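Chemist: Each chain, written out:
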Amino acid sequence: MREVINMRKIKVSDYEIEDRFSGVSKALKLEMLKKMYEIRYFEEQAEQLIIRGKIHGTCHLYVGEEATAVGAIYALNKDDYITSTHRGHGHCIAKGADLKLMMAEFLGKKTGYCKGKGGSMHIADVEQGNLGANGVVGGGIGIATGAALTCKMKKNGKVVICFFGDGAVNQGIFHESVNMASIWRLPVIYLCENNQYGMSMPVKEAFNIERLSDRRIAYGIDGLTIDGNNIVEVFNVVSHFVERCRKGLGPVLIESLTYRWKGHSKSDAQVYRTREEVKAWMQKDPIERYKRVLLGEGIITPDDDRKLRAEVENEISEALKFAEESPFPEPSEVEEDVYA
Amino acid sequence: MRKITYLEAIREAMQQMMREDENVYLLGEDIAEYGGAFGVTVGMLEEFGKERIRNTPISEAAIIGVGIGSALTGMRPIAEIMFSDFMTIAMDQIVNQAAKIRYMFGGKAKVPLVIRTAGGGGTGAAAQHSQSLEALFTHIPGLKVVMPSCPYDAKGLLISSILDDNPVIFIEHKLLYKNKKYMQHVPEEIYRIPLGKGDIKREGRDITIVATSFMVQRSLEVADILESEEGIDCEVVDPRTLRPLDMDIIISSVKKTGKVVCIEEACYFGGFMGEVVSQIVEKAFDYLDAPVLRIAGRDCPVPYSLVLEEEMIPSVGRIKKGMLDLLGRF
Ligand SMILES: Cc1ncc(C[n+]2csc(CCOP(=O)(O)OP(=O)(O)O)c2C)c(N)n1
Ligand SMILES: [Mg+2]
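Protein sequences appear in the order of chains A and B.
If you read the first sequence in the working numbering, its first letter stands for residue 1, the second for the next number, and so on.
If you read the second sequence in the working numbering, its first letter stands for residue 1, the second for the next number, and so on.
The set of hints was computed from the structure by calculation and includes no laboratory data.
Among the hints, a few may not be true.
Think about it this way: if two alpha-carbon atoms lie no more than 27 Å apart in a straight line, the pair counts; the simulated DSSO-like pairs of lysine-lysine are [said to hold, decoys possible]:
id, chain 1, residue 1, chain 2, residue 2
1, A, Lys-266, B, Lys-180
2, A, Lys-262, B, Lys-181
3, A, Lys-204, B, Lys-50
4, A, Lys-54, B, Lys-50
Note that the structure is a prediction, hence the values are computed from the model and not measured.
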């Protein structure tokens, strides 16, 4: 998928890995920035729709965490798999979803990814390898492990990224699945998005360990903690372990440190955190950071960036227009799709 | 007379019982500073502190397991499972442990655990946050299952549940929590409504409606419409506790009206009302002047889109039409 030239080694945590990002084509580097904007603007639009009362239901916004989804998913091939979470728009967009079909699903329309049956928390695109967002915390972890078992049994060389939040790490399914993947050496990357809170519960109160990636020791697998707002680091680390997975070297537990800028969901007074804390994390905006990298490398100019943003804004309006103009499902469809 | 919401009634019951008995405590996700996903426990951390308003990690199986273990050893925990859908994660603990401990141990132990949870749809929260799973629990001997439909019942039933020496599944409905329309006078003092005692929410001569939880409110709405538009006088019976079930109150209403419709939000197939109907047929067959009608959720997961969700969950329109069809036959 991408050419790899002159790879220098970098050190992340205890691992020496190759700087694969430096070998990535300009076009792909730009595409990664575009995806980040797509996520940011999609979420801002989604928030507006919620505020304006246009959504029957809720959603969980991914703003501030874009580098993790994009960096990790761009380390995959198009036909690899992911499982996602309740905070799933970002993973979905990074995996190549059609913004129109996503927006239509969000508005409960027949043209949406799930024909209006799933909504924000259940968007899936199985053909593209997106095995679905999930309304149940930890709900995707077993599924990702099973998908990795398929890859191993079919020897198809594919890899799975299993996204989940810090909150999911304390569910029983996490423990059972990671252990199984370890003993069977399954090609799965357990990617914990540690955004510091599970709803209102601070990670510091939900765990008595410093780094969630330390749990790797209990399962006898690789693992490390990375800067989840640094897309280059995310990309490099995930690429490294994707390759190891493809070689049959088994799973890894990556903890990606990041932060959600918005409230947990539709109604959240955010009594559990301070404005200062939010502001401090906003200073570490993953998009701004990546943009500085690309400006520094001379890959974009400020003008290119403006154009790119305008392009994405336009895509979002098109998606919204498509969704708004789409019909609702017919009530008679309610019992369709229960069984295959 | 003060009127309060369903949510306030539930909170008050817990606060008063916690003041009465230091063994009563709460555990669950986001119940402390955040006050619970629906705001039921707002302010309780300030009064009772972290020890008794225990925030847990997202670990439903352990929340219930810990609740069982502490109940078995002298505490009276109230565990909150944020959405009833997530009860399934704790199913071993509920079904194989909590429900059976007393029996397996030859009656020599007790598990005074209350599991509060929010059930039902109508909020656009889709398939994994909207289910009505009560039938899974009513099937299990050893569990009590309570589903209050209004603030007065919520308080009295929750107090009885806390005082009960058995595991009680207390299923609240999201659409009842804050809606001012359902506010009611609720006494300020502690009072009990016995588990296993139903209530006639509206007296009538022509037809009996048996309904649970939010469907009681919806049935009352339909009853008003049928009265004003068609002159039909409905009697609405709310069992309040699904297990133990007050079959007597249902049977005597059926004997009076000769016609009955059973309404629930859960999926039709295998729903709790199947049990009610079967007992009506066994115990009051000779009194029936019409086939028994069941109106329930459609046999599919709860869909997201409003149009589909309204089709899935029994609506005023669907209930009214079903009842008119039934009555039209005679
Ligand atoms: C099994 C289960 N328990 C509780 C919830 C309610 N809930 C939804 S998201 C959430 C917090 C999840 O935290 P985390 O996994 O860290 O993801 P984040 O929201 O921070 O992205 C909770 C408690 C749920 N959806 N599923
Ligand atoms: Mg989190």
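Chemist: All hints, please: hold or fail.
Modeler: Checked hints:
As the CA atoms of Lys-266 (chain A) and Lys-180 (chain B) are separated by approximately 21 Å, the hinted pair is consistent with the 27 Å bound. At most 27 Å may separate the alpha-carbon atoms for a hinted pair to count; Lys-262 (chain A) and Lys-181 (chain B) exceed this at roughly 32 Å. Annotation: proposed proximity of Lys-204 (chain A) to Lys-50 (chain B) holds, straight-line Cα distance about 15 Å (limit 27 Å). Using a Cα cut-off of 27 Å, the hinted pair Lys-54 (chain A) and Lys-50 (chain B) is violated, with the two alpha carbons roughly 38 Å apart.
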